[in-house]
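Order-wise, the sequence lines are chains A and B. Just so you know, we're using numbering that gives the first Met the number 0 here: the first sequence kicks off at 0 and counts up by one. Just so you know, we're using numbering that gives the first Met the number 0 here: the second sequence kicks off at 0 and counts up by one.
Some clues are possibly wrong.
Pairs of lysine to aspartate or glutamate residues, derived as DMTMM-like cross-links and limited to a Cα-Cα distance of at most 25 Å, are as follows [what the hints assert, rightly or not]:
no. : chain 1 : residue 1 : chain 2 : residue 2
1   : B       : Lys151    : B       : Glu97
2   : A       : Lys12     : A       : Asp2
3   : A       : Lys12     : B       : Glu86
4   : A       : Lys5      : B       : Glu154
5   : A       : Lys5      : B       : Glu128
6   : A       : Lys5      : B       : Glu108
7   : B       : Lys151    : A       : Glu7
8   : A       : Lys12     : B       : Asp15
9   : B       : Lys151    : B       : Glu129
It is worth saying that the hints were derived from the structure and are not from the lab.
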Amino acid sequence: MNDDRKFEAFLRKFEPRSPRPLPQAETLSRSWPRLAASAALILAVGGASLWIGRHHMRANRTDSQPSALSVSGVAPNQQEPISTITLTRAALDNSPEFDRAMDDMAWRSLPRFDGKDSMLRVLAKE
Amino acid sequence: MPEQRLSANDVRQLYDRHGAALLLFARGFVTDAGAAEDLVHGVFLNLLRTRPNVREAPAAYLYRAVKNAALNAQRNRSREAPLPDHEAWFIHRRGDREAALALQSALAELPTEQREAVVMRIWSGMTLEEVAEATSVPLNTAASRYRYALAKLREILTPHAKLEG
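Same shape as in the complex, but just chain B:
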């Protein structure tokens, strides 16, 4: 049986590929940017320490781990006043800050499952099959969540999309 554990290099590659998308995903749960970043770091550091056997679906593991950590953090922070989040979630390649903020608020308003699907597909580059596996739902469910999310985002962002041509 071949070794299925992740090497430190594998973990770093995963961080480079999914770190930003996972941070984006975490920010849907946790109000301040620093806490979201700590949460993502915590998941990766744990991965480096324990090196679990997740070679087949590491992204699915990471999203689940971030979601669990975020929900725990949410529970622990429920009595605290949320910190204002001044930092933008996105950087637009052509510097359209207005569009970036519109996308941020549209994404924040999506239900968690839909946000999860769209973040995994668009910013982590996962296939719908991988999204389905990561979220432990049938492919059809994952696909319909993604389509709904896309439709809602399009509704809000169409003016910006048209402006860009």
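Only chain A is shown next, with the shape it has when bound in the complex:
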């Protein structure tokens, strides 16, 4: 009996290798609300960015539309670009107004040099 106890004590000197720590199971099982919240946040941020982007695009498009021309034969609020035929007729019929229209178009279609971050200013700084 005493030998048994001694041998048991001898066996207890051998330690079985411990398994790796148990994963955080509760954390895993409770993580779905956090995941849902993250997904909702991503959707909200994505939606807001999309809305802002579209809003800006619409605003830019409105800005870049040619202004109403008072060239004869062209409606004042017309949004479409002026056709070559209309411009030719305007040139023949009313050359001062044609010049004004051309100036206006040039102002809109050519890059602006008076902007704060215009290419010209950037190059001038360098």
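Start from chain A and add chain B according to the hints.
Just chain B now, with coordinates in the frame of chain A:
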């Protein structure tokens, strides 16, 4: 009627107390260390998820669960080539690796019931009554299984035991 379910803290305490012994027990069934460890983890994770009513004999439940999982794994892996197991089962407190390997092979050769009894008693610190309950056998049977196991281990390990004094 008081709440009999285990808390997460209870499960962690059980893991700290029986994890190593259960891993040792699982390695008697499953050839590679990683698979045995996964098996033990699976049992504890299941315990955390389901929190069964096992407060009275949690160790018995754990050993049964590990044994069932190990037997299932054994069946599923029977067609696969066993992976070589390079990792030692034991660490000897004084660094006697030879004795640790001798114990490993002696334990591996024991019949499952005897190995189960000796692992529960020595490395899980269970009483013979608890071993009997966990293995669903009468106390006498559990005690004789344990004695047989001890005798076989002593036969193989006596030289090492004598060296230690």
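*Violated hints, by number in ascending order, as checked against the structure*: none
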